[in-house]
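Construct all of the structure, not just a fragment, from the sequences and the given hints.
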Amino acid sequence: MSWIWVNGKEHKFIVSDKRHLDSKKINKKVEELYENIKLAGFKPITRFVLKEVNVEMLEKELCGHSEKMAIAFGLLKAEEMNEKPGEIIVYKNLRVCGDCHE
1 MSWIWVNGKE
11 HKFIVSDKRH
21 LDSKKINKKV
31 EELYENIKLA
41 GFKPITRFVL
51 KEVNVEMLEK
61 ELCGHSEKMA
71 IAFGLLKAEE
81 MNEKPGEIIV
91 YKNLRVCGDC
101 HE
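Per UniProt numbering, the sequence shown starts with residue 1, numbered consecutively.
Treat the hints as calculated values from the structure; they're not laboratory data.
Where hints are given, some of them may not hold.
Cut-off 20 Å, straight-line C-alpha distance, at most; resulting in silico cross-link-like pairs (SDA-like, lysine to any residue) [as the list claims (entries may be wrong)]:
| # | residue 1 | residue 2 |
| --- | --- | --- |
| 1 | Lys28 | Val90 |
| 2 | Lys12 | Lys77 |
| 3 | Lys9 | Tyr91 |
Each pair of labels, with its calculated beta carbon distance range [unchecked claim]:
| # | residue 1 | residue 2 | range |
| --- | --- | --- | --- |
| 4 | Asn36 | Met81 | 18 to 26 Å |
| 5 | Lys9 | Lys38 | 26 to 34 Å |
| 6 | Glu80 | Asn36 | 14 to 22 Å |
| 7 | Pro44 | Asn7 | 27 to 35 Å |
| 8 | Glu83 | Lys28 | 34 to 42 Å |
| 9 | Lys43 | Asn7 | 34 to 42 Å |
| 10 | Gly86 | His20 | 31 to 39 Å |
| 11 | Lys9 | Pro44 | 27 to 35 Å |
| 12 | Lys28 | Met81 | 14 to 22 Å |
| 13 | Val6 | Glu32 | 12 to 20 Å |
| 14 | Asn82 | Pro44 | 27 to 35 Å |
| 15 | Asn7 | Gly41 | 17 to 25 Å |
| 16 | Asn93 | Leu21 | 18 to 26 Å |
| 17 | Arg19 | Leu39 | 27 to 35 Å |
Cβ coordinates follow ideal geometry from the N, Cα and C atoms, glycine included.
Pasting the structure below:
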C-alpha cells in the first residue's frame, strides 16, 4: 500500500487499484509517465513481477504498482490546480521494488 497527502487529505492506493474515483485518469497518467521514461532510456526490470504472466503483461503489471499510482495522482492534482509539481512524498508500508526505485 502507498499513500499520499493532497490538500490535507490522505489518498491510499493498493496494487492495480480501481477503487479511487479518479482511477481511470490515474492509470492513464501512469502509462503516460511510463512511456516517457522508456523513451528517455529506462528499461523495465521485469523480474520484479511476481505473478506468472505472459511477456506482454509484464510491463503492464509493473505499471500497477501502488507507488506509481500515488505519484501519478500527485501530478494530476498539481496539474488540476495549475501548479508546478513540487515535492511529492509517497508513504509505503513495504519496501519499494527495484523497478520503481531505480
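Against the structure, the hints come out as follows:
no. : hint                        : verdict
1   : Lys28 <-> Val90             : 19 Å, holds
2   : Lys12 <-> Lys77             : 14 Å, holds
3   : Lys9 <-> Tyr91              : 14 Å, holds
4   : Asn36 <-> Met81: 18 to 26 Å : 21 Å, holds
5   : Lys9 <-> Lys38: 26 to 34 Å  : 32 Å, holds
6   : Glu80 <-> Asn36: 14 to 22 Å : 19 Å, holds
7   : Pro44 <-> Asn7: 27 to 35 Å  : 32 Å, holds
8   : Glu83 <-> Lys28: 34 to 42 Å : 20 Å, violated
9   : Lys43 <-> Asn7: 34 to 42 Å  : 35 Å, holds
10  : Gly86 <-> His20: 31 to 39 Å : 22 Å, violated
11  : Lys9 <-> Pro44: 27 to 35 Å  : 31 Å, holds
12  : Lys28 <-> Met81: 14 to 22 Å : 18 Å, holds
13  : Val6 <-> Glu32: 12 to 20 Å  : 19 Å, holds
14  : Asn82 <-> Pro44: 27 to 35 Å : 32 Å, holds
15  : Asn7 <-> Gly41: 17 to 25 Å  : 34 Å, violated
16  : Asn93 <-> Leu21: 18 to 26 Å : 22 Å, holds
17  : Arg19 <-> Leu39: 27 to 35 Å : 30 Å, holds
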